[in-house]
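Engineer: Residue-level listing of the chains:
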Amino acid sequence: MTQFWNLLNPFPGQHSTFASNVDAIFYFIFWLSMFFFVAIVGFMIYFMIKYRRVEGQEPESSPSHNTPIEVAWSVIPGFLVLGIFWWGFTGYVDMRSPPAEAYEVNVIASMWQWQFKYPTGAISDKLHIPVNRPVKLIMQSKDVLHSLYVPSFRAKQDVVPGRYSGMWFEATDVGVYDLFCTEYCGQKHSDMITKVVVHSTSPEGTTEEVNQTFERWMEIASNPLNDEQGQPLPLDVAGKKLVDTFQCAQCHSIDGTKKVGPSFKGNYGKEVEIVGQGKVLMDENYIRESILEPTAKIHVGYEPKMPSFKGQMKDEWIDAVIAYIKSIQ
Amino acid sequence: MATDVMPAHSEPARPEDNYLTASRGFMSWAVTLDHKRIGVMYLIGTMTAMFLGGLLALVLRAEHLSGNPNTLPFVTHDVYNQLFTLHGAIMVFLFIIPSIPAALGNFILPVMLGAKDVAFPRMNLCSFYLWIIGAIFFVCALLTTGLDTGWTFYTPYSTNTSQTNVVLATFGAFILGFSSIFTGLNFIVTIHTMRPPGMTWFRMPLFLWSLYATAIIQVLATPVLGITLLLLAAERMFGLGIFDPKLGGDPVLYQHFFWFYSHPAVYIMILPAMGIISELISTFSRKPIFGYRFIAFSSMAIALLGFLVWGHHMFTSGQSEMVTIIFSVLTFSVSIPSAIKVFNWLATMYKGSIVLATPMCYALSFLFLFTIGGLTGLFLGALATDIHLHDTYFVVAHFHYVMMGGTLVAFIGGLFYWWPKMTGRMYNEFWGQISSLIVFVAFNLTFFPQFVMGSRGMPRRYYNYLPEFQVYHVLSTIGAFLLGFGLLLAAIVLIVSLFKGKKAPANPWGAATLEWQCTSPPPLANFEKTPTVGNPYDMNSVVWDPDTESFIRRGDVPTVKDEATPAHS
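Those protein sequence lines, which keep their order, are chains A and B.
Each residue of the first sequence is one higher than the last, beginning at 4 in my numbering.
Each residue of the second sequence is one higher than the last, beginning at 1299 in my numbering.
Calculated directly from the structure, the hints in this document are not laboratory data.
Because the structure is a prediction, the values reported are computed rather than measured.
One or more hints might be untrue.
Straight-line Cα separation of at most 25 angstroms, DSS-like style, residue types lysine-lysine; simulated pairs [claimed, not checked]: (1) Lys120/A - Lys317/A; (2) Lys129/A - Lys282/A; (3) Lys198/A - Lys273/A; (4) Lys308/A - Lys1544/B; (5) Lys1649/B - Lys313/A; (6) Lys191/A - Lys53/A; (7) Lys53/A - Lys1544/B; (8) Lys1544/B - Lys145/A; (9) Lys1544/B - Lys120/A; (10) Lys300/A - Lys1798/B; (11) Lys1544/B - Lys191/A; (12) Lys1827/B - Lys1801/B.
So the derived list for chain B, only partly shown, Cβ under 10 angstroms to chain A, looks like this [said to hold, decoys possible]: (13) Phe1324; (14) Phe1349; (15) Leu1370; (16) Phe1372; (17) Ile1638; (18) Phe1641; (19) Phe1677; (20) Asp1689; (21) Phe1825; (22) Pro1829.
Incomplete in silico selection of chain A near chain B, CB under 10 angstroms [claimed, not checked]: (23) Arg55; (24) Val78; (25) Glu276; (26) Phe312.
We put the CB at the ideal spot given by N, CA and C, even for glycine.
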């Protein structure tokens, strides 16, 4: 039974400072609508039964208009919807006014992945934020429209190419929540899903699900060449981690199958056919150039779709990625 | 204007001939200038489009039965994206926009006016052929590369990324736009110039008021869509930088252009439906419509206010906050005229003599479903809640309640209502009622769960989904197949009536509007002599005549000569 009522519950949990106000407006509109809906359908059914046609009997005459009543049912709903507007408006103004001391995260959306960059230089494919602190996202798109949506926070904003879009929220609970792309962006729009990880800011607040404080997570994430304890990783393992972070596997398989781009497996050390340049040896320099200037050499049979990672991938990270690609041949 | 509208190949008309039998052969239909035949051809065309769009929807729903991407092996990411795009584009451009005005309106409007045809019969035929050409473009897009941009063609995906034949589809929509403009222009001129003596503006049936309001939107808004689609095609073909930021354009500009047409277009879809409901509720309650002037004015108010609210599709798009707030308040203003109509329809039923004939069953379904569709619009008009609900299944459910629960249900109600007039045959009442019951229940089963999953965060246009949403998707899919069955049953009831139905009398329902004064089906020229114009909602002017099994005009009803007396007094 509780399970049944849960299915009817219209909301995911409330985990941001906006959530309770948004839900309160929702329920206000809901009960107001419910009142009108029950009244309208109630009268409709009552009239259907009470005034059903009786053979051979004409209906008694009744007025075909009544100006005071008609004015009343035009004006009163008018005031009610103005009230709804006002509440929605004030809630919206809060959502669009980030506090000055907000923690800033840069968001880069591209088909079909999210990337989050932090003030320390750390990069992640999930959004990691501290609890109980306003967070401001400065978002850009590399290709088409995207939209960042966290249902548990009741927050959403489109990411438009060619300009920065901003949004902010303050998470109230430590945990892991869904983050969706909600603006259709092509083939794998529905796979452009990741998580928001809300970290505690003190060791006492950590949970089993999120067992690092925000500071600790940041320390580790700032150097992807290290493991979760901060110890240096073998170069190819670090490369694997970077390939995951940058979500290279969205387009490049690691088992030889053809996806949007050529596979990482089976090409290294071989001559590959390049559009307009004949055969070129795929070596370290080739990989490096493909990461920094992807359109310089286009593999025959593929579209020039890859964005450049210049400025995002440090030299030593590229070394690690090359080591990883070599390791899976 | 009336004498030059005879079909090119008509033989000398015999008195017993109606518009269906007056001339025969393929060419007598292909080059006909008769508004009734054009209406019937439009009806067949739009119903075919609806069948196709419905099939796409069913495949799409079937794919969602399980969260596993391989429910149907042939539905991949790409196929899914094409399914929802083509479902939307076909339903909007080929079915809903032309359905009521071009199919039912074309047939009924001149007869309701006591006229012999529309003002420009050749333009009317041209409109139909433009529809055919537009449909061919869409079918070509479907059969070649498909289309994967969503029916909204949002830039820059549509101009620089999509690998499908976007240009072909935009030209299709462009041509369909002209088809719509021609219909609108024709209706405006017809209503202005061809009303019979005695029919003042406020003695026009409300269906005509709603078609008039619709026509104004068609003529004023559709050109903007045409220009937008041309700009989009120019950017895609010649790299003109208008919407693509890589070329110096602005993608949000496209959204403004697109919704400047497409929001008013929502009212092109719903206004004629409201007109049908006004006719149905009045006739089957056997009572004059309550608050005639308020309903007529609210149609015009919706047509005008509808132009001022396009920005409510863009609350999260990155348009300025001030603009967003202004659009929110304007959006609420457009809810009032719709509310007025609902209250007036209810008041019409008060102290009526209500019979639950098939069209009335559909009209009452409309009242239930449209009320939900309208009220859920409040959640989307309020800014704070819209931020959460935008681009989720809540929006999908909302517009299906309005477009399908509203427009489609009213369209079917109107089709059952005017079917005896159009075909001269009565359908099986019992199975008609059953079809309306199935459609009503199945519709709610399909779309109500989508409200819940939407507010729980399920984004729209998703091929995959998280497991927690599966139960809602399964319910919705079961509902969709049941809904398909209900609509099929309605179609079967109508088609069977063509072969087995009783001959229809002139006025089976007891309506007082003019189209029920001519025979069923109407003669080629509609009326032998210009009919008497009275109050369109004076139900006392017709009485049941058991001999002809039809309502006939009371001999003693005085012809209203005094133009100053409005219809409702």
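Engineer: A separate judgement is required for each hint: does it hold in the structure or not?
Structural biologist: Hints, one by one, checked against the model:
1. Pair hint Lys120/A plus Lys317/A holds up; C-alpha atoms about 13 angstroms apart against a cutoff of 25 angstroms.
2. Distance restraint check for Lys129/A and Lys282/A: the Cα-Cα separation of roughly 39 angstroms exceeds the 25 angstroms cut-off, and the hinted pair is therefore not satisfied.
3. Only pairs whose Cα atoms come within 25 angstroms are accepted, and Lys198/A paired with Lys273/A is rejected, the gap being roughly 38 angstroms.
4. Simply put, Lys308/A and Lys1544/B have alpha-carbon atoms about 14 angstroms apart, close enough for the 25 angstroms limit, and the pair holds.
5. Proposed proximity of Lys1649/B and Lys313/A is contradicted: the alpha carbons are some 76 angstroms apart, above 25 angstroms.
6. Note on Lys191/A and Lys53/A: the hinted pairing is violated, with a Cα-Cα distance of about 55 angstroms set against a maximum of 25 angstroms.
7. Distance restraint check for Lys53/A and Lys1544/B: the Cα-Cα separation of roughly 66 angstroms exceeds the 25 angstroms cut-off, and the hinted pair is therefore not satisfied.
8. Simply put, Lys1544/B and Lys145/A have alpha-carbon atoms about 10 angstroms apart, close enough for the 25 angstroms limit, and the pair holds.
9. A distance of roughly 23 angstroms separates the Cα atoms of Lys1544/B and Lys120/A; the hinted pair therefore holds under the 25 angstroms criterion.
10. For the hint pairing Lys300/A with Lys1798/B, the CA-to-CA distance comes to about 71 angstroms; that exceeds 25 angstroms, so the pair is violated.
11. Among the hinted pairs, Lys1544/B with Lys191/A is consistent with the structure: their alpha-carbon atoms are about 22 angstroms apart, no more than 25 angstroms.
12. For a cut-off of 25 angstroms, the pair hint linking Lys1827/B to Lys1801/B stands: about 23 angstroms separates their Cα positions.
13. With 10 angstroms as the threshold, the beta carbon of Phe1324/B stays out of range of chain A, its nearest partner Cβ sitting at about 43 angstroms, so the hint is violated.
14. Look at Phe1349/B: its Cβ only gets to about 26 angstroms from chain A, farther than 10 angstroms, so that hint breaks.
15. Checking Leu1370/B against chain A by beta carbon gives a least distance of about 15 angstroms; that is not within 10 angstroms, so the hint is violated.
16. Residue-level restraint check for Phe1372/B is violated (minimum Cβ-Cβ distance to chain A is 16 angstroms; threshold 10 angstroms).
17. Taken as an interface hint, Ile1638/B checks out: its beta carbon lies about 5 angstroms from the nearest beta carbon of chain A, inside 10 angstroms.
18. With 10 angstroms as the threshold, the beta carbon of Phe1641/B comes within range of chain A, its nearest partner Cβ sitting at about 5 angstroms, so the hint holds.
19. Contact between Phe1677/B and chain A, as hinted, is supported at the beta carbon level, the nearest pair being about 5 angstroms apart and thus within 10 angstroms.
20. Interface restraint check for Asp1689/B: the shortest CB-CB distance to chain A comes to about 4 angstroms, inside 10 angstroms, so the restraint holds.
21. At its closest, the beta carbon of Phe1825/B sits 27 angstroms from a beta carbon of chain A; the interface hint therefore is violated under the 10 angstroms criterion.
22. For Pro1829/B, the suggested interface contact is broken, since its CB lies about 22 angstroms from the closest CB of chain A, more than 10 angstroms.
23. Interface hint status for Arg55/A: upheld, as the beta-carbon distance to the closest one in chain B is roughly 5 angstroms, under 10 angstroms.
24. A least Cβ separation of about 9 angstroms between Val78/A and chain B falls short of the 10 angstroms threshold, and the interface hint therefore holds.
25. A least Cβ separation of about 22 angstroms between Glu276/A and chain B goes past the 10 angstroms threshold, and the interface hint is therefore violated.
26. A least Cβ separation of about 18 angstroms between Phe312/A and chain B goes past the 10 angstroms threshold, and the interface hint is therefore violated.
Hints 2, 3, 5, 6, 7, 10, 13, 14, 15, 16, 21, 22, 25, 26, counting from the list given before, are not met by this structure.
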